[in-house]
Amino acid sequence: MKQDRRGSWYLLTGAVLGVALGLFYSWVISPVKYVDAPPYALRADYKDDYRALVAAAYLYSGDLLRAQDRLAQLKDDETAQTLAMQAQRALAEGRPEEEVRALGILAMALGGGVMPNISSITPTQAATLIPLTSAVTPTPLLIEPTASPTTTMQTSPTPPGILHIPESTTHYQPPRTETPTATQGAPFMLQETKLVCNINQPDPLIQVEIKDAAGQPVPSVEVVVTWDGGEDHFFTGLQPELGLGYADFVMTPEVVYSIHLANGDQTAGPLTAAKCVADDNSQYWGSLFLTFVQP
Amino acid sequence: MSRWTKFLIAVILGAAAGLFYGWVVNPVEYVDIALESLRVDYKTDYVLMVAESYQVDHDLGLAVRRLALLGSSAPTDVVANALSYALQHEYASQDLSLLQALGEGLLTWNPNQEIPTP
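Quick mapping for you: the protein sequence lines, in order, are chains F and C. First residue of the first sequence: 112, per the working numbering; consecutive thereafter. First residue of the second sequence: 13, per the working numbering; consecutive thereafter.
If you are wondering where the hints come from, they were derived from the structure by calculation, not from laboratory data. The structure presented is a predicted model; accordingly, all values stated were derived computationally and were not measured. We put the beta carbon where it would ideally sit given N, CA and C, even for glycine. Mixed in with the good hints, there may be bad ones.
Claimed, not checked - Computed footprint of chain F on chain C; a stretch qualifies when at least three of its residues, placed anywhere within it, have a C-beta under 8 angstroms from a C-beta of chain F:
1. 19 to 33
2. 44 to 51
3. 62 to 69
4. 101 to 111
Modelling step: build the complete structure from the supplied sequences, incorporating the hints.
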């Protein structure tokens, strides 16, 4: 009788011990290694790297179709918005200016459907925007490939612990627009300056909105504000809830300001805080709203 | 069948169940994968993007840092593999030229000249 009662428990003990050993082996000693992953499965910071690289490559080619197709592999909900937000994050984190600019230019192109504003690229970079003209088939023997990745992946059996992420088996190759013609972006021009009276806004602001030729807001544009004895810089898009092309600056009453875009020649000013009159005839500070557009 | 044999069979079955659970049902980090796990065609496109951006910035150090995200292989090997794949799949000649230009640039790259970035 005693031996019969023990019989059912030792099997359960063995199974539990086995499960524990299996989990220890599969989670600690030999965890799953993913191969053949698509870009959308990347970790968030690698996705940021990927987007930054797509934007950097776009500066070279100006091929919006190719950039769109590459970004589509990340399966972002709002591609242009995501890029603009990343540009702002990069700016705030002190990332290289070239990266911020590239992200902003691509976000602008995707948002407005226009070609990159090449005028915002440094002269050195602009000079290199012409694609390689050599149509000669290169001689890859200069670099000896160490392995043929395709062959290896197709013939070698998959070892345990290697999991292929289910994905389309079709081969991905980015499309190329055959004749990329990056057009010169026109400078932004001041279209309108108006006084905005908002009693809920206690401080007088210089509010700037920047739009491209298609009427789309443009993020990451540097605005320079100067006054007697001072200067400050601010960027559009830092308050995305107010629009990607929006930026503002708090004025001090009685101080005379002028503003211009970092990449533009036109100066707006003099600008000073003006008062508005409320319904009860009390006065409060209004804000100046300036709209710059790309003609 | 002895008790020990049954016990060992139970352990093996349990281990198999644990492995199945750990590798298939609930594996480690299904999301948040690294760039080195990209499929070979995406890796090739990644290298092509590095080659395209290299034409703008001419910064071999930056190109090497970007290529290093694809794994521990030497940058020249990474580019060579990408070029090999691109040739097999008949990429446009301009793309092949870009990869070739990057590969040639890397052959002249001297890491000792690299200025460390803060």
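Consistency of the hints with the structure:
no., hint, in the structure
1, 19 to 33, "holds (count 15)"
2, 44 to 51, "holds (count 7)"
3, 62 to 69, "holds (count 6)"
4, 101 to 111, "holds (count 10)"
The structure meets every hint from the earlier list without exception.
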